Amino acid sequence: MAVEALGSAHRVKVAPWNDPVIRGWVFQIVVVGLVAGLAWYLVSNTIDNLNRQKIASGFDYLGREAGFEIGDSMIEYSPASTYARAIWVGILNTLRVAVLGIFLSTILGTLIGVGRLSPNWLLNKICVWYVEAFRNVPLLLWLFLFYKLISEAFPGPKQALSALWGSMFLSNRGLYFPVPMADPIHKWMGVALLIGIAGAVALHRWAKKRQEATGQPFPSILAGFGVALGVPFVVWLLGGAPHHLSWPELKGFNFEGGTVIQPEFTALLLGLVLYSSAFIAEIVRSGILALHKGQSEAAAALGLSRGQSMRLVLLPQALRVIVPPMTSQYLNITKNSSLAIAIGYPDLVASINVTINQTGQAIENILLIMAAYLSVSLSISAFMNWYNKRIALTER
Amino acid sequence: MLNKFLAAGIAAATIAGVATAAYAGKELDAIKARGSLICGVSTGVAGFAAADSQGKWTGIDVDVCRAVAAAIFGDADKVKFVPTTAQQRFTALQSGEVDLLVRTTTYTLTRDTALGFDFTGINYYDGQGFMVNKKLGVKSAKELNGATVCVQPGTTTELNLADYFRANKMTFKPVVIEKIEEVRAAFFAGRCDVFTTDASGLYATRAANAPNPDDYIILPEIISKEPLGPVVRHGDNQFADIVRWALFAMIEAEEYGITSKNIDEMMKSDNPTIKRILGVTPGMGKALGVDDKWVYNIIKQVGNYGESFDRNVGMGSPLKIARGQNALWTQGGLQYAPPIR
Numbered sequence: 005m006a007v008e009a010l011g012s013a014h015r016v017k018v019a020p021w022n023d024p025v026i027r028g029w030v031f032q033i034v035v036v037g038l039v040a041g042l043a044w045y046l047v048s049n050t051i052d053n054l055n056r057q058k059i060a061s062g063f064d065y066l067g068r069e070a071g072f073e074i075g076d077s078m079i080e081y082s083p084a085s086t087y088a089r090a091i092w093v094g095i096l097n098t099l100r101v102a103v104l105g106i107f108l109s110t111i112l113g114t115l116i117g118v119g120r121l122s123p124n125w126l127l128n129k130i131c132v133w134y135v136e137a138f139r140n141v142p143l144l145l146w147l148f149l150f151y152k153l154i155s156e157a158f159p160g161p162k163q164a165l166s167a168l169w170g171s172m173f174l175s176n177r178g179l180y181f182p183v184p185m186a187d188p189i190h191k192w193m194g195v196a197l198l199i200g201i202a203g204a205v206a207l208h209r210w211a212k213k214r215q216e217a218t219g220q221p222f223p224s225i226l227a228g229f230g231v232a233l234g235v236p237f238v239v240w241l242l243g244g245a246p247h248h249l250s251w252p253e254l255k256g257f258n259f260e261g262g263t264v265i266q267p268e269f270t271a272l273l274l275g276l277v278l279y280s281s282a283f284i285a286e287i288v289r290s291g292i293l294a295l296h297k298g299q300s301e302a303a304a305a306l307g308l309s310r311g312q313s314m315r316l317v318l319l320p321q322a323l324r325v326i327v328p329p330m331t332s333q334y335l336n337i338t339k340n341s342s343l344a345i346a347i348g349y350p351d352l353v354a355s356i357n358v359t360i361n362q363t364g365q366a367i368e369n370i371l372l373i374m375a376a377y378l379s380v381s382l383s384i385s386a387f388m389n390w391y392n393k394r395i396a397l398t399e400r
Numbered sequence: 006m007l008n009k010f011l012a013a014g015i016a017a018a019t020i021a022g023v024a025t026a027a028y029a030g031k032e033l034d035a036i037k038a039r040g041s042l043i044c045g046v047s048t049g050v051a052g053f054a055a056a057d058s059q060g061k062w063t064g065i066d067v068d069v070c071r072a073v074a075a076a077i078f079g080d081a082d083k084v085k086f087v088p089t090t091a092q093q094r095f096t097a098l099q100s101g102e103v104d105l106l107v108r109t110t111t112y113t114l115t116r117d118t119a120l121g122f123d124f125t126g127i128n129y130y131d132g133q134g135f136m137v138n139k140k141l142g143v144k145s146a147k148e149l150n151g152a153t154v155c156v157q158p159g160t161t162t163e164l165n166l167a168d169y170f171r172a173n174k175m176t177f178k179p180v181v182i183e184k185i186e187e188v189r190a191a192f193f194a195g196r197c198d199v200f201t202t203d204a205s206g207l208y209a210t211r212a213a214n215a216p217n218p219d220d221y222i223i224l225p226e227i228i229s230k231e232p233l234g235p236v237v238r239h240g241d242n243q244f245a246d247i248v249r250w251a252l253f254a255m256i257e258a259e260e261y262g263i264t265s266k267n268i269d270e271m272m273k274s275d276n277p278t279i280k281r282i283l284g285v286t287p288g289m290g291k292a293l294g295v296d297d298k299w300v301y302n303i304i305k306q307v308g309n310y311g312e313s314f315d316r317n318v319g320m321g322s323p324l325k326i327a328r329g330q331n332a333l334w335t336q337g338g339l340q341y342a343p344p345i346r
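Residue numbers (the working numbering), protein chains in the order written: chain A, 5 to 400; chain B, 6 to 346.
These aren't lab readings, by the way, just hints derived from the structure by calculation. One thing to keep in mind: the hints can contain errors.
Below, computed lysine to aspartate or glutamate pairings styled on EDC-like, alpha-carbon distance capped at 16 angstroms [stated by the list, open to error]:
no., chain 1, residue 1, chain 2, residue 2
1, B, Lys325, B, Asp219
2, B, Lys291, B, Glu270
3, A, Lys255, B, Glu312
4, B, Lys85, B, Asp123
5, B, Lys266, B, Glu312
6, B, Lys178, B, Asp168
7, B, Lys280, B, Asp269
8, A, Lys58, B, Asp219
9, B, Lys298, B, Glu270
10, A, Lys152, B, Asp269
11, A, Lys162, A, Glu253
12, B, Lys178, A, Glu80
13, A, Lys162, A, Glu260
14, B, Lys280, B, Glu270
15, B, Lys230, B, Glu270
16, A, Lys152, B, Glu186
17, A, Lys58, B, Asp168
18, B, Lys178, A, Glu260
As the structure is a prediction and not an experimental result, all values here were calculated from the model.
Work the whole structure out from these sequences, hints included.
Have a look at this one:
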């Protein structure tokens, strides 16, 4: 308060149109007014035009019966379900391919990125060519190529290739393999898995604290996996170890029973992973190269093994460079998954497009799709920003 | 594809952004001022709308567009054709990207009302059918339980398919790809057991796209009514009238035996009906707001309905589709035009 009073006392008297404070306010009000005016103009004009052409509007259609079938759904869906559910199926399908895509391309990209730094000539060159080939051809073409390869190269269901003593079948309808019959215990195994993961995290924290205090190392990663997988296993045993499998069987036109990974999904996932991992490889490489050589030398001087120096010294520092561009990559994977529509994978765009066509309500549906992609993208960003802050340099 | 989706978005934005006052006559004035008609057609269905190697569009749908242009401008060539996918077509029409849509589009209540459109007639009576590979040994659509079906999204076909299987207590797996070319490729590669679309489309696909047309059969069941017709958006009744009567004129001309070949002799006819149709007795064109020689221009440059049918999909074309329901009402078919008087 005192400072402000002091400042205003010393202020030179100027005309209001020359006063920077007043000018600043005026400009801001004008800009906000213009934006609001434009928004009002667009909205009122739209409503006006829709009314005049008697085009239906509003979100009532979401509760109506969709009437179309979806080929690949993670939840119960039939043509008798509502449009809202059809769109939800699409969102889940988008999430499935995006999450798997992010996970797999991170692993593959990191391996390729580290491979590019390898002194081994062959490995190095393979990684260089991989990166150049995949990032210099549009993703859409890769998708077409993979889809054509799968649908043209594999035989029809009646001549399906079988593997593992007739338990798995590969054809142009996808890869069929047996799955455990649905059992109530599966739900509890899921809960147990979550508990196991929480236990593994707690174990890791405890091990870290103990090592900082006493210097004694503990193989917390291996033990963590053991805990995370062991708890559900114990639950399964307690549940009487139900081991009935649903086997795929050729009936009529297609296989029935078991489960299937469809060609559209495979082609899309393959395309996304191979394409994105080329970019991720470059990000990882740049992150590692950004570190000063002295870091690894110092780690070696302390007597750390190569693995330890990578894990404890190099990677934590490289991550600070890697994470921000990685966030954009993850967002790209999510958004690129919308190319699915070219090869017939029923993602969010596909569901929305059919809905637009059947209801004619383009504006509402475009708003929905934008909201869906925006919330997925913002969630990824929020998580990555949190992670970035966590690994940021903490000065002590 | 993404750009298709983008197109829908842009079109939606256009609805939002452009204050096109759509009152009677406004659309027609805009078309006249522009000097050409913009007609939405399919991206390539042999016999209905397909561009040849010189980029010249032909087909039974294309002929309707040309007839409308002949009525308005006296010149059937004053049309710009805009290929639209099954998904883009309605947004393209709603947003004003095209004046008129003649794209094997099925006349339904929702489309005629909630989408903001008016169907002006039926230029082809169609029905949905199934095509399968002969090797499967399927003789009837009732045997298709469990089949994988290739279908285009956003069509009445997709809905009829689901309805038919539900009604017959059968299940199916759809493979839904937006571009018709990709759907066909997937079917012929064996990704699906069945390809379904309007029967005319099946004949066209088999004749023009199958690696070996003899390997495929079209099952006898026709599972739906698919009356295909030209569509305009709500707002300009005068333009809608011209589109409606351009098609009627083609049908009426066939009924009275007026063809592109004999039309100049017909101008000398004593038959009062023919004199009225051809504008020898004036009045009809004026009522419609076009030149009195409008029918003469249509028939001379495009031909009557029978000529158009025969040239594009009938016996004079590779499709060899029989007239069937599309014969004139006088010959046991459904094509019937109200009198021009």
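Do the hints match the structure? See the list:
| no. | hint | in the structure |
| --- | --- | --- |
| 1 | Lys325(B) with Asp219(B) | 15 angstroms, holds |
| 2 | Lys291(B) with Glu270(B) | 23 angstroms, violated |
| 3 | Lys255(A) with Glu312(B) | 48 angstroms, violated |
| 4 | Lys85(B) with Asp123(B) | 21 angstroms, violated |
| 5 | Lys266(B) with Glu312(B) | 10 angstroms, holds |
| 6 | Lys178(B) with Asp168(B) | 13 angstroms, holds |
| 7 | Lys280(B) with Asp269(B) | 12 angstroms, holds |
| 8 | Lys58(A) with Asp219(B) | 48 angstroms, violated |
| 9 | Lys298(B) with Glu270(B) | 15 angstroms, holds |
| 10 | Lys152(A) with Asp269(B) | 55 angstroms, violated |
| 11 | Lys162(A) with Glu253(A) | 11 angstroms, holds |
| 12 | Lys178(B) with Glu80(A) | 14 angstroms, holds |
| 13 | Lys162(A) with Glu260(A) | 13 angstroms, holds |
| 14 | Lys280(B) with Glu270(B) | 11 angstroms, holds |
| 15 | Lys230(B) with Glu270(B) | 39 angstroms, violated |
| 16 | Lys152(A) with Glu186(B) | 13 angstroms, holds |
| 17 | Lys58(A) with Asp168(B) | 28 angstroms, violated |
| 18 | Lys178(B) with Glu260(A) | 12 angstroms, holds |
The structure fails to meet hints 2, 3, 4, 8, 10, 15, 17 from the earlier list, while all remaining hints are met.
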